[in-house]
Every structure is written in C-alpha cells, then in structure tokens.
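Q: So the sequence lines, in the order shown, correspond to chains A and B.
Each residue of the first sequence is one higher than the last, beginning at 7 in the working numbering.
Each residue of the second sequence is one higher than the last, beginning at 574 in the working numbering.
Please keep in mind that the hints were generated in silico from the structure rather than gathered at the bench.
Be careful, since some hints might not be right.
Taking lysine to aspartate or glutamate pairs in the DMTMM-like style, the calculated list, with each CA pair at most 25 Å apart, reads [as the list claims (entries may be wrong)]: (1) Lys-127/A / Asp-44/A; (2) Lys-45/A / Glu-207/A; (3) Lys-728/B / Glu-621/B; (4) Lys-184/A / Glu-621/B; (5) Lys-156/A / Glu-621/B; (6) Lys-184/A / Glu-857/B; (7) Lys-618/B / Glu-188/A; (8) Lys-156/A / Glu-591/B; (9) Lys-184/A / Glu-207/A; (10) Lys-617/B / Asp-81/A; (11) Lys-217/A / Glu-207/A; (12) Lys-127/A / Asp-662/B; (13) Lys-759/B / Asp-748/B; (14) Lys-728/B / Asp-747/B; (15) Lys-198/A / Asp-212/A; (16) Lys-286/A / Asp-81/A; (17) Lys-156/A / Glu-188/A; (18) Lys-659/B / Asp-847/B; (19) Lys-198/A / Glu-299/A; (20) Lys-801/B / Glu-884/B; (21) Lys-618/B / Glu-591/B; (22) Lys-45/A / Asp-66/A; (23) Lys-814/B / Asp-880/B; (24) Lys-156/A / Asp-598/B; (25) Lys-127/A / Glu-188/A; (26) Lys-814/B / Glu-884/B; (27) Lys-184/A / Asp-605/B; (28) Lys-184/A / Asp-765/B.
Note that this is a predicted model, so its numbers are computed, not measured.
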Amino acid sequence: MVTIDPIDVLGQNRSAKRARMQQLAQQFRVNVLDILHDKGTGHWGGAASAAELLVALYFDAMNVRPAEPAWPGRDRLVLSKGHASCMLYTVLAHRGYFPVEELNTFRQLNSRLQGHPCMRKTPGVEMSTGSLGHGLSVGVGMALAARVQKRSYWTYVVIGDGDLNEGQTWEAIMSGAKFRPERLVALVDYNKVQLDGPSSEIMPLDPLPDKFRAFGWNVAPECYDGHDIAAILESFDWMRAQQQWPVAIIYRTHKGRGVSFMEDSAYWHGSPVDDTSYEKARAELLAGLARMEAEL
Amino acid sequence: MTAATAAMRDAFGTALLELGATCPDLVVLDADVATSTRTSAFGKKYPERFFNVGVAEANMTDIAAGFATCGLRPVVSTFGLFLSLKCADQIRNIIAYNNLPVVLAGNYAGFSDSYDGASHQAILDISILRAMPNMAVIVPGDAVELRQALEFALKRNGPTYLRICRNPTPVLFDDAPPFEFGRVRKLRDGSDLTIAVSGVPTFMAIEAARRLAARGVSVDLLEVSTLKPVDAQALVESASKTGRVLTVEEHTIVGGAGGAIAEAISSRCRAVIDRLGIEDCFGESGDYVLLLEKYGISSLNIERRADALLERTRP
C-alpha cells in the first residue's frame, strides 16, 4: 500500500512537500488502522486526529537526527496525549528512528512499542506519557533547560482535550507565563471529544484561546485546520516569527479523522477495530488517498 | 558523638549553596516553601538555576523531570507530605518509570512539622516511595549524614528520595566514617537483641542501647539510613546472631523501615521482629519532642519494647 517514500518527502521543495505530507498523513492512518485491527487494541480516535500535526512536525518543523536520537541540540516533542502512541510510532519509524517492520510489534510482549510511549524503550520518544496532564510541565522543564544550558532547540508539546481537563496542565500554563521559556510551543489537538463523550458534556474547555491568553500565553490569532498541512505550515510560519514566549497554537481537529462513521465519535476513542468496521474504514481511507493523488 | 545539635534542613540549604559552585548542572526547584526548606539561599545566589513554581508541586516535579532529560541535576524541594502524595503520579510515571536522576527532597518529614498538625506531617512517605521501582530511599540519622547523602544522590544515576527533618537533632556522625549508600552503620556490637533504627530516632536508640547495656543487655545496634535498597546482608547477619529484631522509625509501621527490614530478614533467617513506630494512625499538633513521645518514639519506649521483646522470646 505504501505509495510515498517518507524520506523522499524531506528533500522536496515546500509546495511539492506540502502535498506529499498531506498524503503521508493519510497513508499513516491506513498503517495505524491496520495495526490496531491486527492487534485488537489501541486508540484510533486520537491517533487519527493527530496525523497531520505529527507529520508536519517531524517532516517539516523539527530539527532532528533520527540516527542520533540523543543528539543534545535536537528539537523535542512531547506527546502529552500518549494514547495517540500508534501514530507517533508510525511517524517515528517512517522518519527513520527504527525499522518500519517493528510497528507490527505494537502493544505485544517484549516490544519496544508500549501501549503508551516510553522514552526508555523507543528511540525518538522524548518522554513517557499516558497518564494525562504531564506533558506541558515536562516541556516547560525541557525548554528552561535550553535556557540554562544556552541551547536553542525548540520544545513542542502536543496536548489534547483530556490533558486540558487535568489541573496540572493549568499549573504548567501558569508557570509558562512566569518563566517564559523561549521556543516552547503548546500545540492543542482540539478535537473536542473525550473518552466518555463530547468535551462540551464531559468538561467544557471553551473559550480555549481566551483561557490561554488570560493565563499570559502568546496565542496564535487564529485556530488552524489541524488536518490541512498548508494551514499547519502557515501556523509554523507564525510561530517562527514570534518573540513572546511561550506560544500556544490551537488546531481544529476531528477525532477519528478520515473515516466517516468514526469521526467525532467517543466510541472510537479506544474501542478495538472489528473486522467489519475495519474493511469499511480502510476502504474510505484508501479512497481519500486516491483523491489526493488525483488532485496532484 | 557530640552534644551539638543541627537541623537537617539547615544542612540541606547550606549544602545546596556550596554545591552550586562545584556542580554547574545543579538546578533547584521549590514550591513556595523555599524559606522553610532553606533552598532560598541557593535561589539568591543562583537565580538562573532556581525555580520557585508556586504552590504547584505536581508541575514542579515534572519540570524537574524535563530538566533531568536534558542532563541537568534537579533537586525538587517541598514538604515530604506534599511530595509523596500530591506528586505520587509524577514521581511514579515520569521520574521513577524513566529512571531520571532527580533528587526528591522531602522536607519537614515525620512529625517535625509538629505544630502544623496531621495535615502537614509526612508519616507514610517512605511506604509510598519505597514501592516505586528505580527509587532509592535515604532516611538520614543526622544533619551530617543528610549532607553526605545529598552529595551521593546528586551523583546517582536514578531518582533518590531524601527524608529531611525540620528541627535540630543531635549531631551523631561528624567524626564517623562517611555515609555509604546501601550499607547499615554498626553503632554497637551485641548478641541479645538487634535494634535497627532509621532516621531521627537514631539518637534515641543509642541512648536506649546504652541503658540496656548498663543492665547487662547486649544490643546489636544498626542504623539503617538507606531503606531502599536495604542492606539485607548486614541485617540478616545481625538477626541470625540475636534472633530478635526491634525496628524503630518516625513513620507508620505499615510499609516503612520496619516493613523494609522485615521483608529483608523474614525470607532469609529466623528472627522475631517487632516494629516500633507510628501505629497506623494520624498525628496531631504539639511540641515535636512531646509529640514523638506521645506516639511512642522515645528512648524510654525503645527500652521498654526491647525488654518486652526479650521477655516474650526468653528460651
């Protein structure tokens, strides 16, 4: 099924690359769906939601050396919504951190690919997550470490609705405004659906940009489409032009993106992908991929 | 042993200040109790390496973890009560799971925040921290040992919980051989009974053993400052010799030093073990020494319990 060589994407000029990254994100959705169906475990909704964001970060924004994952000057990414692990692993594998074949061991005994990310097992994973609410605090620490050590790397933290339910995330937001760590970026994968239902019912978060602003963060003036690579790259252009830290960017996303009957559905937060749903979902994803190819 | 007293928290503050000069990677975090825990002196001298995060202990602990992943050596300082309970998830899932070299300084531990009452008294911190894989737990017996343990912890390749008393206690080890991680200190050689003591009550156990000796009871007195990993070999050696072990601690007897020592001994030799400590209850406000006494932590009660153990196990 693999139609795009991910490493080839890196070498392209930005407009060609943009279309290729869009396809890559969709292709990774197919890869993730295959794995979740095959293993009968894992979180589809949040993984599909973060596809374009993670692709844009690892294939455009981030200065990393996959062959040298501990390189001190690397940009850091903390996936605070750790349940999207399967998408992170898929991106990392195709970015060159570990063999793509290893994705097939996801969530299995003796695998380096744990149910939720583990920095001690998986090359490229910067912080173990899973219990929600930790990522932004850790990111504040990493970004402040750059100041203490006079380094200039970027620290990206991807947070979701669930993270923003946690009080600790707001502690981290307050401390971000106090210490103002340079090049710390919170990227909110704002799909507005949690495990038990819509966040409007479970724990309303709106008006989210105003809340970040009231807490003293430099918030992107618009909420970007988190499934449109062009929009994400535009948000990165805005981010790079900033002088006020830290920065928050909110992306409108859809949980379970790419499959009509799975989108915006709390059921598909973490339910196993059954055979019937799998066939239908895969066909939809492939049709989406074919449409993208045709548009090129 | 001298008659002088010193507070562990003061030794902690002084040590950080001095280590700041020789350890450029040292960063210190506090949660709005820097004046109390004595980290404020470090903060004044090294403001670029000091982070007062406000009353947000969980955030502080994870910020420290972020520092540690970048090669810095963070010391997280707050009251042991808050550190062990409010930050249990952060310590377990971020610091211990990832084996990050963070020093967790649990200040005002045991009953030492005496007047503030039960809400502030860390009496089950050891049970919690000891249960975490990768964690080292050190409960110093005096200010000298605290300083040495801190220096060790800053070099350890993994997380360390250091238990720190607020109040002045007798200086015991200024002329003694330095602290050795994972090793007990033999304070007295005896054959009738082992007393294994941890933390502040060490000076009480020394006193009790002296009185017992005057009455002809020979005590093998061990100070157990490293509760994880505990020195099983030395404990088993002593317990095999005496057949009776009295553990003493300023902590609940559920899972603390008594628990650690009993676990180490029970599968390796035959000995009757009695645990002296806080009897599965909360504390209250009051003078520190009177509070310790009321809850059974005194040299007199150690002596009494030693007698009772000897009586119970008389052949």
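Q: Could you run down the list of hints and mark each one as holding or not?
A: Evaluated hints:
1. Lys-127/A / Asp-44/A: At roughly 22 Å apart (the allowed maximum being 25 Å), Asp-44/A and Lys-127/A satisfy the hint.
2. Lys-45/A / Glu-207/A: Violated, because 31 Å separates the two Cα atoms, which is more than 25 Å.
3. Lys-728/B / Glu-621/B: Distance ~21 Å between Lys-728/B and Glu-621/B Cα, so the pair holds.
4. Lys-184/A / Glu-621/B: Distance of about 14 Å is within 25 Å: holds.
5. Lys-156/A / Glu-621/B: The given pair, whose Cα atoms are some 11 Å apart, holds under the 25 Å limit.
6. Lys-184/A / Glu-857/B: violated (36 Å)
7. Lys-618/B / Glu-188/A: Roughly 23 Å separates the two Cα atoms, so the pair holds.
8. Lys-156/A / Glu-591/B: holds (23 Å)
9. Lys-184/A / Glu-207/A: Since the Cα atoms of Lys-184/A and Glu-207/A sit roughly 32 Å apart, the hinted pair is violated (cutoff 25 Å).
10. Lys-617/B / Asp-81/A: violated (31 Å)
11. Lys-217/A / Glu-207/A: holds (18 Å)
12. Lys-127/A / Asp-662/B: Judged against 25 Å, a Cα distance of about 20 Å means the pair holds.
13. Lys-759/B / Asp-748/B: Holds: Lys-759/B and Asp-748/B sit about 14 Å apart, inside 25 Å.
14. Lys-728/B / Asp-747/B: holds (22 Å)
15. Lys-198/A / Asp-212/A: holds (10 Å)
16. Lys-286/A / Asp-81/A: violated (38 Å)
17. Lys-156/A / Glu-188/A: Measuring from Cα to Cα gives roughly 11 Å; hence the hint holds.
18. Lys-659/B / Asp-847/B: Since the Cα atoms of Lys-659/B and Asp-847/B sit roughly 31 Å apart, the hinted pair is violated (cutoff 25 Å).
19. Lys-198/A / Glu-299/A: Judged against 25 Å, a Cα distance of about 30 Å means the pair is violated.
20. Lys-801/B / Glu-884/B: violated (31 Å)
21. Lys-618/B / Glu-591/B: holds (10 Å)
22. Lys-45/A / Asp-66/A: It is violated: about 30 Å lies between the C-alpha atoms, which goes past 25 Å.
23. Lys-814/B / Asp-880/B: Within the cut-off at roughly 18 Å; holds.
24. Lys-156/A / Asp-598/B: holds (12 Å)
25. Lys-127/A / Glu-188/A: violated (29 Å)
26. Lys-814/B / Glu-884/B: holds (17 Å)
27. Lys-184/A / Asp-605/B: Roughly 14 Å separates the two Cα atoms, so the pair holds.
28. Lys-184/A / Asp-765/B: Between Lys-184/A and Asp-765/B the Cα gap is close to 60 Å, so the pair fails against 25 Å, i.e. violated.
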